[in-house]
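Peer 1: So the sequence lines, in the order shown, correspond to chains A, B and C. Numbering-wise, my numbering puts 225 at position 116 of the first sequence, and it's gapless, one number per residue. Numbering-wise, my numbering puts 153 at position 44 of the second sequence, and it's gapless, one number per residue. Numbering-wise, my numbering puts 160 at position 51 of the third sequence, and it's gapless, one number per residue.
Misleading hints may appear alongside valid ones.
As the list claims (entries may be wrong) - Simulated coverage check for chain C against chain B, where a stretch passes if three residues somewhere in it have a Cβ under 8 Å from a Cβ of chain B:
hint: 1; segment: 129 to 142
hint: 2; segment: 150 to 159
hint: 3; segment: 173 to 187
hint: 4; segment: 233 to 245
The hints are simulated quantities; they were obtained by calculation from the structure and are not laboratory data. Just so you know, even glycine gets a beta-carbon here, dropped at the ideal spot from N, CA and C.
These are the residues of each chain, in order.
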Amino acid sequence: MLYILDLLGVAIFAVTGAITAGQKRMDVFGIIVVGTVTALGGGTTRDLILGVKPVFWVSDPIYVIVSMSAGLGTFIYAHYAKPASKTLLFADAFGLAIFTVIGCQRAAKVEDSILMIVVMGIMTGVTGGMIRDVLCGEIPLILRREIYATASLTGGLMFVILRHVGLHDWLVTMLSVITALTVRLVSLHWHLSLPIFVDSNKRHHP
Amino acid sequence: MLYILDLLGVAIFAVTGAITAGQKRMDVFGIIVVGTVTALGGGTTRDLILGVKPVFWVSDPIYVIVSMSAGLGTFIYAHYAKPASKTLLFADAFGLAIFTVIGCQRAAKVEDSILMIVVMGIMTGVTGGMIRDVLCGEIPLILRREIYATASLTGGLMFVILRHVGLHDWLVTMLSVITALTVRLVSLHWHLSLPIFVDSNKRHHP
Amino acid sequence: MLYILDLLGVAIFAVTGAITAGQKRMDVFGIIVVGTVTALGGGTTRDLILGVKPVFWVSDPIYVIVSMSAGLGTFIYAHYAKPASKTLLFADAFGLAIFTVIGCQRAAKVEDSILMIVVMGIMTGVTGGMIRDVLCGEIPLILRREIYATASLTGGLMFVILRHVGLHDWLVTMLSVITALTVRLVSLHWHLSLPIFVDSNKRHHP
Chain A
110 MLYILDLLGV
120 AIFAVTGAIT
130 AGQKRMDVFG
140 IIVVGTVTAL
150 GGGTTRDLIL
160 GVKPVFWVSD
170 PIYVIVSMSA
180 GLGTFIYAHY
190 AKPASKTLLF
200 ADAFGLAIFT
210 VIGCQRAAKV
220 EDSILMIVVM
230 GIMTGVTGGM
240 IRDVLCGEIP
250 LILRREIYAT
260 ASLTGGLMFV
270 ILRHVGLHDW
280 LVTMLSVITA
290 LTVRLVSLHW
300 HLSLPIFVDS
310 NKRHHP
Chain B
110 MLYILDLLGV
120 AIFAVTGAIT
130 AGQKRMDVFG
140 IIVVGTVTAL
150 GGGTTRDLIL
160 GVKPVFWVSD
170 PIYVIVSMSA
180 GLGTFIYAHY
190 AKPASKTLLF
200 ADAFGLAIFT
210 VIGCQRAAKV
220 EDSILMIVVM
230 GIMTGVTGGM
240 IRDVLCGEIP
250 LILRREIYAT
260 ASLTGGLMFV
270 ILRHVGLHDW
280 LVTMLSVITA
290 LTVRLVSLHW
300 HLSLPIFVDS
310 NKRHHP
Chain C
110 MLYILDLLGV
120 AIFAVTGAIT
130 AGQKRMDVFG
140 IIVVGTVTAL
150 GGGTTRDLIL
160 GVKPVFWVSD
170 PIYVIVSMSA
180 GLGTFIYAHY
190 AKPASKTLLF
200 ADAFGLAIFT
210 VIGCQRAAKV
220 EDSILMIVVM
230 GIMTGVTGGM
240 IRDVLCGEIP
250 LILRREIYAT
260 ASLTGGLMFV
270 ILRHVGLHDW
280 LVTMLSVITA
290 LTVRLVSLHW
300 HLSLPIFVDS
310 NKRHHP
């Protein structure tokens, strides 16, 4: 079940990468490359830092196949239908929530520290999207006004709390994903944001 | 022979990094740093993900010396002569072709999966240039109209096909490099491109 | 003592990340994430490439705690006081100098090659700031006119020279940090720079 959720996260992030790359008028294969990098980037960074070898997608090519297929599918779909303009933000929210919790799961296998589990969850959740946006010259979603990293944090915290309580693994996973997703979608819908630097600091711009 | 081709690729990519950095009015040592990162970035990512230890240039400093020398040489040359304006694109095409095939070679030593060999080839080929362009605030070449990732893909496919056929290692390498290079140069010359998203999708820009 | 210097470098780089992220109007938790990535990015890259496992902050969570606290502290401080406009540049100079020498120290434990020690020092010193600037859409400091990578190089060279001379470890460290810091601050103050490409090359801009 966790495996299927992971593949779902990979497919969703590949779609966000493909949409962003497509908007930049990249060709079909460039779109597949960016989609794949977006889908596998977060987990790759996590596995490298945790010292998990080999990296998850090297030992199991299905991840690469799913990423590429999702990228290709997005490309074909976009030629026939016009995705609603918020598709990218919604898909990214799903990917963020799923990858955060998958990241926590993977870290919990090799790490005891609660801090590390949460940090690895956030890293897995936000890195793929960051790479996508930097590659495509977009402002990373994490830099926008609405709650983003905080949604990932709440998912991670929910994971370690529910796991400590002793709920079944699958229930811990689902509830944590729903928590992160809800926080992100609610903040997107009502344009919620946390406090930021005061305006007077704008004079510090170089 | 493969070693010399690898060093040639390193030198060429270092030149592209140095030219891009130089256009940004970076100083001589900054130019050498960006050149070196461009030259070694793709192979470093590949070795980390494949779990090859130590990373190729840590065990063999000649790679670092070649990168730095090429960066310094480019800097000195650019003070005396004016490189033709397409130098950067041509050099990058050579580096892309060589690094794709070197990446396939290295992956083939530790991996059996044809998919992984091709993926590692593309990763080795495109990563250095992506880092260069992102660092220098340029639009990555992979995002431009002309065939780029696809040229790397054709090189990788040619490699696995010829290797399966059982040609001599060196012949496999040369023919694959020539394939990738030809696809890229031809598409640059005639501004060829693959299908992209339809225009109507431009309204999805955030 | 080296440990405390390392934590100081981490805190300082986290502050630079938090300031840069804050200027982009990111929320408090996004600021902490960017601060942490800036603080830990250089050392993470170094440890991955050197094959040191686990990465330094995975085995010692105090690094993550210091990064996050420094990011949070910067956020709170910026709400009450206005940091002088050069704070970012000065803090980055301190971080660059400290991390360069820490990087040399760590590399010297597993590497004999003088070239590798200097290269690892520069990599540790400049990578965190590069990631910070790329993530925040700023022009990386290494791309600006004033001496930057060269300051890191002088610190690294001073380290290997003094270490070869046989000075006490702590003295080697302090003198190298002071060297790199002095070169950077002096060049910032008088806007010193090394030679760059001649103007005629501007026509190469794509």
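Peer 1: None of the hints should be skipped; say for each whether it holds.
Peer 2: Hints and how they fare:
Under a criterion of three residues with beta carbons nearer than 8 Å to beta carbons of chain B, the stated coverage of the segment 129 to 142 of chain C fails, only 0 such residues being counted. For the segment 150 to 159 of chain C, the assignment as covered by chain B holds, since 3 residues bring a beta-carbon within under 8 Å of that chain's beta-carbons and 3 suffice. Only when three residues or more bring their CB closer than 8 Å to a CB of chain B does the claim for the segment 173 to 187 of chain C stand; here the count is 0, and the claim is violated. Only residues whose beta carbon comes within less than 8 Å of a beta carbon in chain B count, and the segment 233 to 245 of chain C has 3; three or more means the coverage holds.
Consistency note: the structure conflicts with the earlier hints numbered 1, 3.
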